[in-house]
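Chains H and D supply the protein sequences, listed in that same order.
Residue 170 in my numbering sits at position 170 of the first sequence, and the numbers go up by one each step.
With positions in the second sequence counted from 1, the corresponding number in my numbering is that position plus 1000.
If you're looking for bench data, these hints aren't it; they were derived computationally from the structure.
We put the beta carbon where it would ideally sit given N, CA and C, even for glycine.
Hints are supplied without guarantee of correctness; some may be wrong.
Covered by chain H, per the in silico footprint, the following chain D stretches (three or more residues, Cβ under 8 Å) [unchecked claim]:
#, region
1, 1129-1138
2, 1190-1200
3, 1237-1247
4, 1266-1276
5, 1364-1373
6, 1378-1386
Here are some of the chain D residues that sit facing chain H, going by a computed Cβ distance under 8 Å [stated by the list, open to error]:
#, residue
7, Thr1029
8, Pro1141
9, Ala1215
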Amino acid sequence: MSTKLAKIEKRTAYLLILPSVLLVFSIILFPIFSNIWISFKNVELKDLRIPEPRAKKLVKSIKDNPNQIKIIYKLRNSSLIQEITNVKFKDKYPDNIEPISLNNKCQFKSNLLKCELGNWPEKYRENLEIVFQNTNNKEISKKELKSYKPKLSGKSQNILLTYEFTLNNFKKVIKDKAFIDLLSTTFYYTFFGTIGAIVFGILAAQMVNQKFFGRTFMRSVLLFPYVAPVVALAYTWELLLDPTSGTLNNLLINYQIIDVPINLLGQKYVTLNILGFDFKLRLALTTVIIFEIWRYFPLAFLFILARLQAVPKELYEAADVDGANPIQKFLNITLPQILAVISILFMIRFIWNFNKFEDIFLLTGGASGTRTFPINVYQQGFSIGDIGVGSAVSIVIVVFLLIFMFIYFKLLGRRADEN
Amino acid sequence: MKIKNIFTYCFISSLFLFSLICIWKILVTLQGIELTNFNFNKLFIFGIILCLINLFIGKKLNLNIKIIILALLFSIFDYLISINLPIWYSLGIFLISLFFFKTIKNYDKNFLSKNHSSQKLFFNFLTLFGITLFSFVILFPFYMMLITSFKTQALLLLNPLDFSINFSKGLPELFKSYFVVFKDYNFGRYMLTSTIVSLGTVIITLIFAIPAAYAIARLNFFGKNFLSTSILIIYLFPAIVLVIPLYTIFSQLGLRNSIEGLLIVYTATTLPVAIYMLQGYFKSIPKELEEAGIIDGQNWLGIIFKIILPLSLPAISSVALYVFMIAWNEFLFSLMFLDRPNTFTLSRAIQFLNVGAETPRQYLMAGSVVVTLPILIIFVYFEKYLVSGLTAGSVKG
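I would like the entire structure built from these sequences, with the hints used as guidance.
Given below as structure tokens:
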């Protein structure tokens, strides 16, 4: 009896899960794997249009002979680059007419015109003309003739489904001189964005963890940048930082802090002189990182605040009795308590910043030294139009991602062992 | 009392006062008032003097009177060194200094001679300073977005620092950008599309996720552990690695430029986190309740609908709000899949506005307000649910 119940339970479980598994498989897992396939193929954006055989039907009456009518099919191959093989043609006719003469490709049987039109090379065009005669003396209705649409079918090679592979995409990605630059930009962006968000998250959480007037309101406000749509925020920042009419530059000039406006999003390097040493700061990248921090520190804040509120008050009271100062309290009580959260947060934010696309795309479009891997996927695939190379870059991202995930789950596992 | 403590006290306090004044001055500048100097030296030194006075008066005077006198002194000083400023500016300075002296009223010689007093002081001010600065930095872009949408192109170019709102021409003139955006740029339609897509995603995701989450939380089957770990892994894969294959497949299936295509992708990408969040909650529901249901002769469907769902409404609301937020804010897929204006979502429409030749920025900002406001209202109104959704799902972002 119990085994029967267990069987029913199992069957129900599979039934309940199946729709979700299928959907996730087809929209997430399948595309990730098809990346591998596409990345070994020479595919461009323009190849994605499947070639179609097309026919336009014209109906013309013949002078002096109302019993006959001429039908012209304008045939063409929609593709400019691929041939269509084995084109078949089908069209329906009213009862009262039949063709006078037919070429050997076509057949007329029980009101159906069927043709085998063979192979059409790329850019192919041809006119097919057939004259029809009515069998009883009723008038031929042009309208009725026009209402039937010809149906065409043909086989074309889908470039995605051929078995021709190439390594060129990966060669292009890795041999590209910009690859090292891409790698360093991505890591710079990811690392500082993550660290910054966590540091500000800790500061904000420490603040909100104290009692003051308007604390709940403050907590909501701190989450605004994370909740609002990225499009709106990025464009607002773009206006804010604009070199000529942006608020920030005008404010700084107004208060005589700078003399010349700074193009914060459009300038690749700025040379800073600190203690007599010149060093180059990547300006646009830094600005993008600041935006990143501004937008994602709320998340770190939320995590850390939740953890802080769970720290037992007695610990702090005991420290007060021992005469600890605020820095000691933070280092010896707070920090150890939130360390676990921070390390998980770091890994997760690191993974997500590594893959961040929208923020940079909207702010700079990847110009002025802000091109990271995800931006490169878009540029290769859609700006340049080389789907294959874009896919190869995606594969590079996935490989990095798998490494990060491996470390992350190792970390999680170790933490679980400790507890 | 240590000299070091007095020194830190004066320095930090005066710096804090000065930074508050700076923020106020920036806000005043943005009302179109000409103000070109923070007067750092004078205000800072005078601040130090007042802090010292505050320290030495201590509690000899009624505290309230002390606060008011010090604040008045400071505002008069500020009034004297700045020229031609409206009275509300000085009133603001007065209120700020009032707040400041109220904060430091309790600091006297006794406090400063205690252990760690300088550190405590430092952290107290750091908190106050942090709260002001954080609020300013976070709210400023939102403020700018709103104000810019009320201006005209000519005014914006004439004086980019003038954030004042001109009510004199009447409300229709003030909200002109919004009329334009809805009428000429079709934002009504985009808003409808966004709403349909977001609500649709929420409903479909829940329909798929609730049964799956229940099965993972409660039923025993082969591959259960594997499934629950793979949910987390799948969740960590970003949209950018899906974009090219989905684009190729959708182009060939003719699913681009369709709401259905967008719905499928949004549902699939939010499904893992929805299942993950729900199964965690379902596990916390006592099993006895279900067993009672089984004894009553309910089948699995009955148990889900009559026992699990009513009990987990809070969790379902969190998931629903979180999914709604993701779908409403989503940008990458709408950029890739939609290129005909009749299928645009709000985010895509705003990006289209920006790329389009020289759209006046007040329209761009009005559009941004239109896309931001609903989500902020929902957030503030349902904060409790959304925050728990964010915390649970915040591995993604």
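Evaluation of the provided hints:
| no. | hint | result |
| --- | --- | --- |
| 1 | 1129-1138 | holds (count 6) |
| 2 | 1190-1200 | violated (count 0) |
| 3 | 1237-1247 | holds (count 11) |
| 4 | 1266-1276 | holds (count 6) |
| 5 | 1364-1373 | holds (count 7) |
| 6 | 1378-1386 | holds (count 4) |
| 7 | Thr1029 | holds (6 Å) |
| 8 | Pro1141 | holds (5 Å) |
| 9 | Ala1215 | holds (4 Å) |
Of the numbered hints listed earlier, the single one contradicted by the structure is hint 2.
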